[in-house]
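S.K.: Assemble chain D onto chain U, guided by the hints.
Chains as they are written, first to last, in the numbering used here: chain U, 4 to 824; chain D, 202 to 369.
One or more hints might be untrue.
[To be verified] Pair by pair, the computed Cβ-Cβ distance ranges are:
| hint | chain 1 | residue 1 | chain 2 | residue 2 | range |
| --- | --- | --- | --- | --- | --- |
| 1 | D | 245 | U | 704 | 42 to 50 Å |
| 2 | D | 293 | U | 736 | 30 to 38 Å |
| 3 | D | 222 | U | 697 | 46 to 54 Å |
| 4 | D | 222 | U | 549 | 53 to 61 Å |
| 5 | D | 314 | U | 468 | 27 to 35 Å |
| 6 | D | 232 | U | 736 | 25 to 33 Å |
| 7 | U | 603 | D | 310 | 40 to 48 Å |
| 8 | U | 697 | D | 293 | 53 to 61 Å |
| 9 | D | 232 | U | 697 | 45 to 53 Å |
For the record, the hints were derived by calculation from the structure and aren't laboratory data. The beta-carbon is built from N, C-alpha and C at its ideal position, and this holds for glycine as well.
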Amino acid sequence: MNIKNKFKRIAWALLMLSAIGGALYVALVFQKDMDEIKYLPPESILKRQIRSDIETNINNALLNIIDRSDFELAVHINLNQDERTEELIKYEPKEISTSKQTKSLTPIPKINALPGLIDNPFHNESLPGFPSYFDQYDIEKDDFLTRAMFAKILSVAYQLPQDAALLSESQEIIDNSETEFNDSVSLVVNKDILKLYQSGEFRPNDFLSKASLITALVRINYPTSNYYSSDVISDLPFNDIPKTHWAYNEIKIALENKLINEDIYFNPNKKVTVEEALQTIENTPLRANTFNYYKFPKKQHDDIFKTENKQEITESNVYYNQEKTMFKSPSTKIKNISIRLIINEIILRDAITLERIESIVRSVVEINNERNDTFVISSYPFTNLPMIVRIYKWQHWQKIYFMIIVSILGYFSSVFYEKYKHHKINQNKLLLLKKQKEEKLAKIHQEEEEKSYARIKRDIVDEAVKDTAGFTLKLEKWLELLQLNQQYKDKPQAAYEKIVILILFVDFERPGLSTEIIKLFHSEHIKDTITSIETISKVETDKAKSNIIEFHENFMSSKTLVGGKTASNYIIDSAFSEKEKRNIFNINKEEPFTFVEHIPTSKIKEFIVSENEVVAAFLLNKCSEHRLLEITEVLPSASLKSIAKHLVSVRNNPCEIMDKFEEKIKDKLFIGESSESSKNKIQLQKASSVFETLPKDVRMSIFDNLQENDPDTLVQIKAEMFMFEDIEMLTDVEMQTLIFEIKDMEMLAMALNKSPKEFVDRFKQNFSERFATQFDNAVQRLEDIQDEQIDKAQYDIVRALRKLEKNERIPNLKELKRSTQ
Amino acid sequence: MNEIDEDHIKQWSLLFSDLISAKFKSNISFKDFESEEVIYSEFLSETVEPHWVTLCEDTTDHQPIIVAMSYPCLVATTNRFFSTSAKIYKEEIKALSFTERFIGEEISNEIVPAFATHDMQLTFIRNEMNLGLVRPFHEDDSITIYKFNWAIENETMGEMKVCHSNVL
Chain U
4 MNIKNKFKRI AWALLMLSAI GGALYVALVF QKDMDEIKYL PPESILKRQI
54 RSDIETNINN ALLNIIDRSD FELAVHINLN QDERTEELIK YEPKEISTSK
104 QTKSLTPIPK INALPGLIDN PFHNESLPGF PSYFDQYDIE KDDFLTRAMF
154 AKILSVAYQL PQDAALLSES QEIIDNSETE FNDSVSLVVN KDILKLYQSG
204 EFRPNDFLSK ASLITALVRI NYPTSNYYSS DVISDLPFND IPKTHWAYNE
254 IKIALENKLI NEDIYFNPNK KVTVEEALQT IENTPLRANT FNYYKFPKKQ
304 HDDIFKTENK QEITESNVYY NQEKTMFKSP STKIKNISIR LIINEIILRD
354 AITLERIESI VRSVVEINNE RNDTFVISSY PFTNLPMIVR IYKWQHWQKI
404 YFMIIVSILG YFSSVFYEKY KHHKINQNKL LLLKKQKEEK LAKIHQEEEE
454 KSYARIKRDI VDEAVKDTAG FTLKLEKWLE LLQLNQQYKD KPQAAYEKIV
504 ILILFVDFER PGLSTEIIKL FHSEHIKDTI TSIETISKVE TDKAKSNIIE
554 FHENFMSSKT LVGGKTASNY IIDSAFSEKE KRNIFNINKE EPFTFVEHIP
604 TSKIKEFIVS ENEVVAAFLL NKCSEHRLLE ITEVLPSASL KSIAKHLVSV
654 RNNPCEIMDK FEEKIKDKLF IGESSESSKN KIQLQKASSV FETLPKDVRM
704 SIFDNLQEND PDTLVQIKAE MFMFEDIEML TDVEMQTLIF EIKDMEMLAM
754 ALNKSPKEFV DRFKQNFSER FATQFDNAVQ RLEDIQDEQI DKAQYDIVRA
804 LRKLEKNERI PNLKELKRST Q
Chain D
202 MNEIDEDHIK QWSLLFSDLI SAKFKSNISF KDFESEEVIY SEFLSETVEP
252 HWVTLCEDTT DHQPIIVAMS YPCLVATTNR FFSTSAKIYK EEIKALSFTE
302 RFIGEEISNE IVPAFATHDM QLTFIRNEMN LGLVRPFHED DSITIYKFNW
352 AIENETMGEM KVCHSNVL
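With the rest of the complex left out, here is chain D:
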């Protein structure tokens, strides 16, 4: 099995965007890739806006991986799926509607297959609508965060973060 690194994540993001674009018949892409290492507690405190979180686990070393998508990603994807525009009309998104959660689940369903294509065997654990409800790392754990901007029709709508522990 390959280890998770930037290249792998980039390749994964390509495949992931391809899968969900095909699935939702929408031009979804991930841009402006960034990576950083932070303490998990810092990550939590910095992440104020609500996120749709998918918790997975590496099947070989049981290391957790979380993929967090900000709510606008899901709302914009939903809007684009049901209309000709992905534009978000709400200024502040505090909760997801039924359809947005459905879209979120469907997006999450493509995370593991996208990793698997690159010989990275993960197991889906669960989805959560609040980052605080997921505790894959200790607060003092150093984690690596890979950030992408979630763009639809080349217009950035939100951001997606892939986090995993540096502890091996």
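So here's chain U without its partners, still in its complex pose:
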């Protein structure tokens, strides 16, 4: 890895660490954790409110503290307030008749209407008609206290908030219905003052044990010491409380706070009497002032409060006019407040000082020095936990883990990114190499293909030259194969086109070879092959190449063997004579001269009219009836007449020379002549066309010259020229077409002015009545006609004929003339 990449990686890591640091800073500054300040459950509502105010203020102050060490802050305030307020509560109790059965009175309805009084059923200063709970139920001070009643006493003695009685779902007390103090039971259970048995029972009607009593009172009164002891062995004086005793910590705290006295035995399972319980509560620091009234009735000192004496008072039935009486309510003021704060956050900026804490507390609680209120703030290390525990509980582990994970992720991201880059570079290299390889292969392939193609072409040409017959047979086989293909069934000409491309190819390589191939073709293919050659335009290189390769693959390679009718016919033709073929296969040789069926009618007509009439009759004799009709329809009647008489004397003369003649005539009719004489003839035809267009005087001048120098040529030119007089060769229909084209009867009359009567009559025979009238009138009007005028008129009529010829409304005039000669 180069320096640049290393630098990049370090930069990335630093950037990520900066981001993490920033995120942590934001989290610390703006997200105040709820665990920032921890405190034990509140005691009274008022205390809780005060403490909440103090905590809120300290909390705000702590936001700016700089102290990385955990420490505990304890605030103790002792307020020597009066136990009674000046507040008076007016009460209007119902008129209740007393009776001897006072003890059996049911609890007074709306008992909660008198806070601090009626809510305390243990009140020892029961108003008349409101006996204390103890009185009601005749509970003596020496009676053993049940767990449920103890819960009720605690709720009153420490003013436990009633809303805390709502149990969480996980703390269902299954036997809470067994006591009337179920609310108080729920309250103390929820506050963790007394715990449920593992079975989920509270056992409210069991007697309270001494250990339970002390535990409950310590949990309420000394919450800041509610941590476990680090004692290894019991250092308590009580022999019956080992270190493993479940209430060891609480008993130790109680002893330290002088809630109990040292002794040899503690008697943890000893049942507690009501008096003992109330006495112990009286000694606790956090008991409510209202509990001052909850002393057990002093029956022996104050008879008025004796239950039995109440009956005497209530004898008057209405024993108190309460409307005129005002009662003091018990004080709701707090006597002391203890707040324990655990400060364990990393807090920036200012350090919080004890002065600051004091000022905060003083802003919430009014401390009266004259009243001897005390206010103590102490700070000490949170705990003396073992080092390993402290390490384990170190709060920054989570951040370190987070940073380690982030660092690992950053590292792996960097590694992954590098690998990804490397992978991409390799991939690009591979792609480049692959492309280069493909290009190279393509080039090699192309070269090989070109070589292969050149070899294929050479093979085909060699085969065509050396074994033209075999090559032709292969072409025919290919044609048969193509024709069997569904693709070419609808387009048979396309199959011939493929063959023709190959023929043109070999002809290009070896001029004249195509003629030999076509001559060797089976007659049924010759016409279509020739037609394809005529119609085929420029052949694309790709098309020619694909055709050549296709032919080579199919017929020049030993890998492909092709059968078919062509092959079988070839084998039969090669192996057997005609006689044998007839005997063995019952196959008749192809009838001679059947190629005539495939020659264009115009061509065969031209040939027949220029041929020996006996030969012409012979050829017509070889045609099918349908073909015969086609040809005879176009033959001039004179020719047909002379030929027809020989039809009956045609001689079928199968012999070698006849076969040779067939081949010869086939060449002529399908391929045409390329001899010098033929070329000369074409020249003469062209010359005659020129002479036709020349003015008569010019033409005659040239003809006179020719007559002297080359009379034969003149004869041949005249034979080729279509002159005005040659119109006689036209059929009646063609004559009528011409007359309709001319329309100008005066011109026709002029042209026919010096013509023989038979010629004129030929026209007249094809006139309509209108044209006949016009022609007669025109003839009558003719006077002093000059030869030039006649020539001009004849010339115009020949021009009209040429126009009709061009539009294919009449046949080719030169051919017509040749056929009649």
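M.R.: What follows is chain D alone, placed relative to chain U:
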């Protein structure tokens, strides 16, 4: 090699007629043999009607030999080959058709083999449709002409002439 003389020509004509008769499946014979010596220019001027001419050459002394057949010979042979009758229907024959030329070529092809059988080695030079197009002799050369009547089915149709120079 034998020299060309009347006997040889007669024997040649027999063989020639045999060959072409077999070839065309027709009864072709040469009758009324005549021979004469004339100046070549006279021969040309006397020969008015068109002839199918085959020019050959003696392989040993390179002396030319021409065999000239009048057009009716070829037309009649053609007619007979393609029909049951050799009768000629045209009064005047000015040119040969494609088939007639083919027949003429095929007949000419048998001239050299017929001579060869009699130990007379000739080389075929060419065929022409006009006697004027062949110039094997000087005009003042004396040539020997052997004439035959070309008969088909014993009916004379035309004449055939074999000409060669007397100069040795």
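S.K.: Next, verify each hint and record whether it holds.
M.R.: Hints, verified against the model:
{"no.": "1", "hint": "D:245 <-> U:704: 42 to 50 Å", "in the structure": "violated, 32 Å"}
{"no.": "2", "hint": "D:293 <-> U:736: 30 to 38 Å", "in the structure": "holds, 33 Å"}
{"no.": "3", "hint": "D:222 <-> U:697: 46 to 54 Å", "in the structure": "holds, 52 Å"}
{"no.": "4", "hint": "D:222 <-> U:549: 53 to 61 Å", "in the structure": "holds, 55 Å"}
{"no.": "5", "hint": "D:314 <-> U:468: 27 to 35 Å", "in the structure": "holds, 30 Å"}
{"no.": "6", "hint": "D:232 <-> U:736: 25 to 33 Å", "in the structure": "violated, 52 Å"}
{"no.": "7", "hint": "U:603 <-> D:310: 40 to 48 Å", "in the structure": "violated, 31 Å"}
{"no.": "8", "hint": "U:697 <-> D:293: 53 to 61 Å", "in the structure": "violated, 30 Å"}
{"no.": "9", "hint": "D:232 <-> U:697: 45 to 53 Å", "in the structure": "holds, 52 Å"}
Of the numbered hints listed earlier, those contradicted by the structure are 1, 6, 7 and 8.
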